[in-house]
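Colleague: Sequence:
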Amino acid sequence: MSKGLTTPPPPDRIESVDHALRVLSMLDDHSELRVSMVADELGVARSTAHRLLVTLAWRQFLVQDRVTRAFRAGTALIELGLRSISEFDLRRFAEPHMKTLAEQLGETVNIIVLDGANAKFIGGVEGPKVVRTRVATGLVLPAYATSGGKVLLASLPPETIRELYPRGLKKVTAQTRKTTAQLREELAYVQLKGYAFNDEESAHGLRAIAVPVRDRIGRTIAALACSTPASRMPKSRVHGLYSALAEAATLIRNALP
6 MSKGLTTPPP PDRIESVDHA LRVLSMLDDH SELRVSMVAD ELGVARSTAH
56 RLLVTLAWRQ FLVQDRVTRA FRAGTALIEL GLRSISEFDL RRFAEPHMKT
106 LAEQLGETVN IIVLDGANAK FIGGVEGPKV VRTRVATGLV LPAYATSGGK
156 VLLASLPPET IRELYPRGLK KVTAQTRKTT AQLREELAYV QLKGYAFNDE
206 ESAHGLRAIA VPVRDRIGRT IAALACSTPA SRMPKSRVHG LYSALAEAAT
256 LIRNALP
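Adding 5 to a residue's 1-based position in the sequence shown gives its number in the working numbering.
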């Protein structure tokens, strides 16, 4: 971010604030930060760099890996970035593509964002069939119990998942994941396959599949989900639904500013 600055610093700038912002700007080019990197970039002592990093981690702008000791983007920074596109704008840009997708699949389509530890449904289009799942606009559920929520959780560092659910997982239905270990295992699968599945984990008789919606620089900012009565989403249908959702998610990304 600071690379593009061409004006001289103001005479009354606060150096410590400037240093903290420069640390966050380094995440543009590095997925993780170390004390030595920050010290070299800022031209400060390692002790100063360490204090900057741990303070940003305390405020949840960064999170420190317990094994490597490196720092990555934390929940506060991620949520701040997600707010750069408002829910209203996201819904507005996504709606034409959700309408097309709902008609194509004959099923209900929702767009979902992360709201702390929860999945928040911010818009949707109902499918044309008489027996269908309803649009869930305004609904908030534990993210781990929904396909869209799991897609969004899969984009976060493992340390952040532990921070979001310090007391473990509360079951929504009999099918909801029971432990954070099970959730982490599933999120690794989501990262590998590119989609998440909800097998009656948020409501009895409902299945859903979701894919990430990314912005133009590749950040996951939302999830696009298709939900159906459980009987209409056998395993044989998953690949076709995934392909259609992924194509629509790309169209939404291309429509974003």
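Since the hints were made in silico from the structure, they are not lab data. Treat each hint with caution, since some may be false.
Straight-line distance between alpha carbons at most 30 Å, and here's what the computed DSBU-like set of lysine-lysine pairs gives [what the hints assert, rightly or not]:
1) Lys-175 to Lys-104
2) Lys-183 to Lys-134
3) Lys-104 to Lys-183
4) Lys-134 to Lys-198
5) Lys-198 to Lys-183
6) Lys-134 to Lys-104
7) Lys-104 to Lys-240
8) Lys-198 to Lys-175
9) Lys-198 to Lys-176
10) Lys-240 to Lys-134
11) Lys-176 to Lys-240
12) Lys-104 to Lys-198
Now the in silico label distances, taken between C-beta atoms and shown as ranges [to be verified]:
13) Arg-71 to Tyr-194: 36 to 46 Å
14) Ser-248 to Gly-48: 49 to 59 Å
15) Arg-74 to Arg-139: 40 to 50 Å
16) Pro-171 to Thr-142: 21 to 31 Å
17) Thr-178 to Asn-259: 17 to 27 Å
18) Pro-171 to Glu-92: 20 to 30 Å
19) Pro-171 to Arg-74: 13 to 23 Å
20) Lys-104 to Pro-14: 42 to 52 Å
21) Pro-234 to Ser-21: 49 to 59 Å
22) Phe-93 to Gln-65: 18 to 28 Å
Cβ atoms here follow ideal geometry from the backbone N, Cα and C, with glycine treated the same way.
Colleague: All hints, please: hold or fail.
Modeller: Consistency of the hints with the structure:
1. Lys-175 to Lys-104: violated (33 Å)
2. Lys-183 to Lys-134: Distance ~33 Å between Lys-183 and Lys-134 Cα, so the pair is violated.
3. Lys-104 to Lys-183: Not satisfied, since the Cα-Cα distance of roughly 35 Å exceeds 30 Å.
4. Lys-134 to Lys-198: holds (29 Å)
5. Lys-198 to Lys-183: holds (22 Å)
6. Lys-134 to Lys-104: Holds. Lys-134 to Lys-104 sits at ~14 Å (cutoff 30 Å).
7. Lys-104 to Lys-240: Distance ~24 Å between Lys-104 and Lys-240 Cα, so the pair holds.
8. Lys-198 to Lys-175: holds (26 Å)
9. Lys-198 to Lys-176: Satisfied, since the Cα-Cα distance of roughly 25 Å is no more than 30 Å.
10. Lys-240 to Lys-134: Between Lys-240 and Lys-134 the Cα gap is close to 20 Å, so the pair holds against 30 Å.
11. Lys-176 to Lys-240: Given that 30 Å is the threshold and the Cα spacing comes to 24 Å, the pair holds.
12. Lys-104 to Lys-198: Distance of about 25 Å is within 30 Å: holds.
13. Arg-71 to Tyr-194: 36 to 46 Å: With a Cβ separation near 23 Å, Arg-71 and Tyr-194 fall outside 36 to 46 Å, so the hint is violated.
14. Ser-248 to Gly-48: 49 to 59 Å: holds (50 Å)
15. Arg-74 to Arg-139: 40 to 50 Å: holds (47 Å)
16. Pro-171 to Thr-142: 21 to 31 Å: holds (29 Å)
17. Thr-178 to Asn-259: 17 to 27 Å: For Asn-259 against Thr-178, whose Cβ atoms are near 36 Å apart, the range 17 to 27 Å is violated.
18. Pro-171 to Glu-92: 20 to 30 Å: This hint holds: roughly 27 Å between Cβ atoms.
19. Pro-171 to Arg-74: 13 to 23 Å: The hinted range 13 to 23 Å holds for Pro-171 and Arg-74, with Cβ atoms some 21 Å apart.
20. Lys-104 to Pro-14: 42 to 52 Å: holds (49 Å)
21. Pro-234 to Ser-21: 49 to 59 Å: Cβ of Pro-234 to Cβ of Ser-21: about 57 Å, so the range 49 to 59 Å holds.
22. Phe-93 to Gln-65: 18 to 28 Å: Holds, at about 26 Å.
Of the numbered hints listed earlier, those contradicted by the structure are 1, 2, 3, 13 and 17.
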